[in-house]
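Asker: Next come the chains, spelled out residue by residue.
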Amino acid sequence: MPDSPIAVAHHNPELRHHFADMEQQRDASSLGMWLFLATEIMFFGGMFCAYLIYRLWYFPEFAAASNSLDITLGTANTAVLICSSLTVVLAVRAAQLGKRRAQVVYLALTLVLGLAFLGVKGMEWTSKFKEHHIPGPSFHFEGSVPGHPGQAVDQQHAQIFFSLYFAMTGMHALHMIIGVGIFSYLLYYAWKGRYTPEYHTPLENSGLYWHFVDIVWIYLFPLLYLIDRKK
Amino acid sequence: MATAAITLERENYLNQEYGIKSWLLTVDHKRIALLYLLSITFFFFIGGFFALLIRLELLTPAGDLVQADTYNKLFTMHGQVMVFFFLIPSIPAVLGNFLVPLMIGAKDLAFPRINLLSWYLYIIAGVLMLHCMLTGGVDTGWTFYTPFSTAFSNSKVIEAGLAIFISGFSSILTGLNFVVTIHRMRAPGMTWSRLPLFIWAHYATSIIQLLGTPVIAVTLVLVVLERALHLGIFDPTRGGDPLLFQHLFWFYSHPAVYIMILPAMGVVTEIVPCFSRKRIFGYNFVAMSSIGIAVLGFLVWAHHMFVAGISLYAALIFSALSYLVAIPSAIKVFNWTATMYKGSITFSTPMLYAFGFIGLFTMGGLTGLFLAALGIDVHVTDTYFVIAHFHYIMVGGAVMGYLGGMHFWWPKISGRMYPEALGRLAALIVFLGFNLTFFPQFILGYLGMPRRYWQYPPEFQVLNVLSTAGSTILAVGYLLPMVYFLWSMRYGKIAPANPWGASGLEWKTTSPPPTFNFEQPPVVDWEAYDYENTAAPQEARFAG
Amino acid sequence: MSEHIVSVKANVAVWLALLVLTGVTTGIAFVDLGPLNTIVALVIATCKALLVVLIFMHVKYASDKLVKVVVIAAVFFLMLLLGLSLADYSTRLL
Chain R
0 MPDSPIAVAH HNPELRHHFA DMEQQRDASS LGMWLFLATE IMFFGGMFCA
50 YLIYRLWYFP EFAAASNSLD ITLGTANTAV LICSSLTVVL AVRAAQLGKR
100 RAQVVYLALT LVLGLAFLGV KGMEWTSKFK EHHIPGPSFH FEGSVPGHPG
150 QAVDQQHAQI FFSLYFAMTG MHALHMIIGV GIFSYLLYYA WKGRYTPEYH
200 TPLENSGLYW HFVDIVWIYL FPLLYLIDRK K
Chain Y
0 MATAAITLER ENYLNQEYGI KSWLLTVDHK RIALLYLLSI TFFFFIGGFF
50 ALLIRLELLT PAGDLVQADT YNKLFTMHGQ VMVFFFLIPS IPAVLGNFLV
100 PLMIGAKDLA FPRINLLSWY LYIIAGVLML HCMLTGGVDT GWTFYTPFST
150 AFSNSKVIEA GLAIFISGFS SILTGLNFVV TIHRMRAPGM TWSRLPLFIW
200 AHYATSIIQL LGTPVIAVTL VLVVLERALH LGIFDPTRGG DPLLFQHLFW
250 FYSHPAVYIM ILPAMGVVTE IVPCFSRKRI FGYNFVAMSS IGIAVLGFLV
300 WAHHMFVAGI SLYAALIFSA LSYLVAIPSA IKVFNWTATM YKGSITFSTP
350 MLYAFGFIGL FTMGGLTGLF LAALGIDVHV TDTYFVIAHF HYIMVGGAVM
400 GYLGGMHFWW PKISGRMYPE ALGRLAALIV FLGFNLTFFP QFILGYLGMP
450 RRYWQYPPEF QVLNVLSTAG STILAVGYLL PMVYFLWSMR YGKIAPANPW
500 GASGLEWKTT SPPPTFNFEQ PPVVDWEAYD YENTAAPQEA RFAG
Chain C
0 MSEHIVSVKA NVAVWLALLV LTGVTTGIAF VDLGPLNTIV ALVIATCKAL
50 LVVLIFMHVK YASDKLVKVV VIAAVFFLML LLGLSLADYS TRLL
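In order, the protein sequences belong to chains R, Y and C.
Under numbering that gives the first Met the number 0, the first sequence has 204 at position 205, and the numbering climbs by one with no breaks.
Under numbering that gives the first Met the number 0, the second sequence has 466 at position 467, and the numbering climbs by one with no breaks.
Under numbering that gives the first Met the number 0, the third sequence has 63 at position 64, and the numbering climbs by one with no breaks.
Taking CB as the label site, the calculated pair distances span:
#  : chain 1 : residue 1 : chain 2 : residue 2 : range
1  : C       : 26        : Y       : 129       : 51 to 61 Å
2  : R       : 78        : Y       : 44        : 55 to 65 Å
3  : R       : 126       : C       : 42        : 27 to 37 Å
4  : C       : 42        : R       : 183       : 28 to 38 Å
5  : R       : 151       : Y       : 456       : 45 to 55 Å
6  : Y       : 44        : R       : 126       : 49 to 59 Å
7  : R       : 154       : Y       : 151       : 18 to 28 Å
8  : Y       : 478       : R       : 135       : 44 to 54 Å
9  : C       : 42        : R       : 180       : 26 to 36 Å
10 : C       : 12        : R       : 122       : 24 to 34 Å
11 : R       : 190       : Y       : 485       : 48 to 58 Å
12 : R       : 154       : Y       : 44        : 44 to 54 Å
13 : Y       : 22        : R       : 154       : 54 to 64 Å
Since the hints were made in silico from the structure, they are not lab data.
In this text, a Cβ means the ideal position worked out from N, Cα and C, and glycines have one as well.
Make a model of the complete structure from these sequences and hints.
Answerer: In structure tokens, the structure reads:
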């Protein structure tokens with residue numbers, strides 16, 4: 000057990016003084032990120048709770064509103080995020096193997112895919128705006144309940160769907176934007192050669208964050224886009 | 000280790016560096032603890048000021064001191080400030096921050112910079128809340144019930160909501176830091192079963208902070224969105240359910256009360272063995288009961304909603320679960336009592352606060368069981384009975400635990416002894432003032448006086464006057480420690496490393512500790528609460 | 000430093016599985032399974048989430064159990080929120 004890290008001749012410059020060694024530092028950082036993700040599960044979970052209740056109460060309107068979302072864009076965006084998770088994993092792997100150029104390539108690809116996701120989201124939201132599906136004074140939903148072409152849709156109930164849609168996808172997009180910021184920072188430092196087989200904790204932990212945001216979307220997509228599509 | 004000569008002061012965390020920058024940019028957990036101490040004391044007095052105004056208004060049955068809307072703001076801001084800006088941070092951010100690394104033999108918490116960030120978030124939240132209060136305040140009750148808060152209130156709901164949202168992040172980061180520290184940074188030999196129970200209590204508290212706070216965070220986001228954009232998620236006239244808000248709010252806010260009490264229980268568990276000169280009775284039971292309270296505390300939230308419109312079946316389930324959560328608390332009371340049995344008791348100031356805690360917390364806890372019974376709750380909910388119940392736990396319990404802990408560890412924190420006679424006097428004044436303030440409120444509630452009302456029928460006046468009188472005595476009791484703690488920093492007797500003869504690693508380093516806590520990293524090979532082998536202090540503990 | 004490095008092959012396999020499952024989710028939404036549609040969608044989503052958590056996020060290869068406990072605990076408490084809220088909503092008379 001070393002007395003003081005300063006006394007040890009060849010400690011890694013990234014070692015913080017209150018840790019005994021790099022392994023303790025890495026284990027602590029990793030656990031810290033996992034605990035943060037646990038808080039995020041509960042954070043999004045609150046909105047999933049609201050969604051659950053109202054889907055039970057207003058199923059016809061939820062189905063009608065869901066059918067008005069663009070399923071092609073939604074599926075495509077899901078694929079985009081899945082690809083970005085792969086590029087993240089490969090970036091971390093490149094750091095583990097000491098490959099600087101590969102790190103930079105995969106991180107850049109992750110950024111591009113993340114921005115593509117946000118771009119598609121922007122397109123979807125713009126079309127929602129044009130269709131008057133944004134909650135507020137100009138909200139008006141022109142659809143009908145799937146399977147019941149004559150049945151009009153309760154405007155208030157439909158607005159609740161869209162309130163939750165924008166709250167949940169908005170919160171998700173905010174997390175994506177933060178992720179893009181983090182990965183821009185990582186890209187810069189990866190390019191400068193900061194991440195090595197001995198020290199790539201920021202890369203690993205940011206990767207965990209990115210995968211988590213992907214998992215949130217994995218649940219959001221079927222719950223928001225695929226309600227009662229069979230009709 | 001000889002006590003230092005007056006001219007040669009040993010280097011410690013207080014004198015290692017001077018200047019405001021060395022404090023505002025510190026990453027030393029001990030300095031951050033003191034930053035928190037100053038901030039939460041400030042907010043305690045703000046919250047206390049609102050309480051005094053409430054009690055002043057309630058001296059007379061008529062609403063004659065303030066207008067009804069103002070009264071709504073008074074009780075709202077009293078609650079918000081006391082809950083979010085005093086009680087929730089208090090023991091964890093002050094005593095926890097200071098002691099957790101010391102007790103486990105670490106140099107600092109796992110993430111010192113995040114610790115500092117946590118304090119800055121608290122300050123930003125506090126400034127926002129102060130601004131909110133100074134520019135009009137909130138009148139919704141600290142519980143923010145919808146649709147009043149989202150659609151009808153004309154007060155600064157969004158600003159207050161944002162302030163609490165930010166303070167929640169401060170709380171989450173503290174909890175995160177503690178959990179990682181306790182898992183990853185224990186000294187060699189410090190196994191889980193050798194940890195002080197103060198650590199177990201803070202571990203359990205941190206679990207609640209991590210898993211509960213995010214839910215109120217997202218709920219406040221939804222409230223802000225609803226209010227700003229008129230969404231309808233919680234508004235029955237727009238298809239929403241006000242009870243959904245209550246479910247989400249109380250999912251956090253009930254476990255939050257355990258955030259407020261568990262650390263105080265941890266403090267009591269350190270004080271009682273020391274001043275009984277006896278190892279804690281039932282270590283495993285106390286440790287497991289802390290975890291039990293943390294978990295079970297998440298299962299009972301709708302007992303705040305029995306008359307709000309939940310289904311009878313849900314009410315039955317939550318009532319039964321609420322009885323369950325009392326069990327681990329009771330286990331702790333039995334263990335403290337059993338520890339004292341055949342112990343060698345000293346009635347020091349910390350021990351007086353611990354006694355006060357045990358008695359008053361028990362009363363508060365038992366009255367919680369009254370409330371958990373559906374038949375009784377229908378009659379006393381939203382009356383002063385509830386107010387008395389939770390003040391017995393929060394003030395008679397948590398605040399007394401906090402004060403007991405501040406006295407117990409003051410020599411370690413400051414390197415000085417506080418004046419013992421004044422300490423005991425203040426403890427007695429607090430105890431008397433507290434009971435005079437809040438016991439009449441049980442009776443008032445039972446007789447039917449509603450809470451949050453700014454005027455009341457004249458037959459309730461005598462009890463209200465007693466309560467207000469008590470609150471002034473309580474205020475004196477709280478002011479005294481402020482005065483003599485400050486006095487002691489200049490004129491108090493210099494404290495030795497272990498003035499109480501207590502067990503625990505924090506007492507094996509100097510008072511105050513050096514910046515990196517220990518001269519040599521400790522290696523632990525003894526059990527916790529090793530009072531058979533810990534010498535009682537030789538010198539007179541109670542001088543000055 | 001014993002750090003398990005997942006092979007490119009394994010990662011690509013997971014990626015392909017995730018894409019296939021995404022296609023299945025969308026496709027099966029157009030098949031009438033009655034109330035099972037929702038359940039199938041959630042089951043598939045959970046399979047995808049498990050693949051990401053276990054392989055991409057390395058939980059399968061974690062040396063100590065703590066990370067698994069953290070994830071399971073968070074999911075458990077979320078289920079508490081959803082489940083006990085449902086205890087109210089599903090038993091209301093209205």
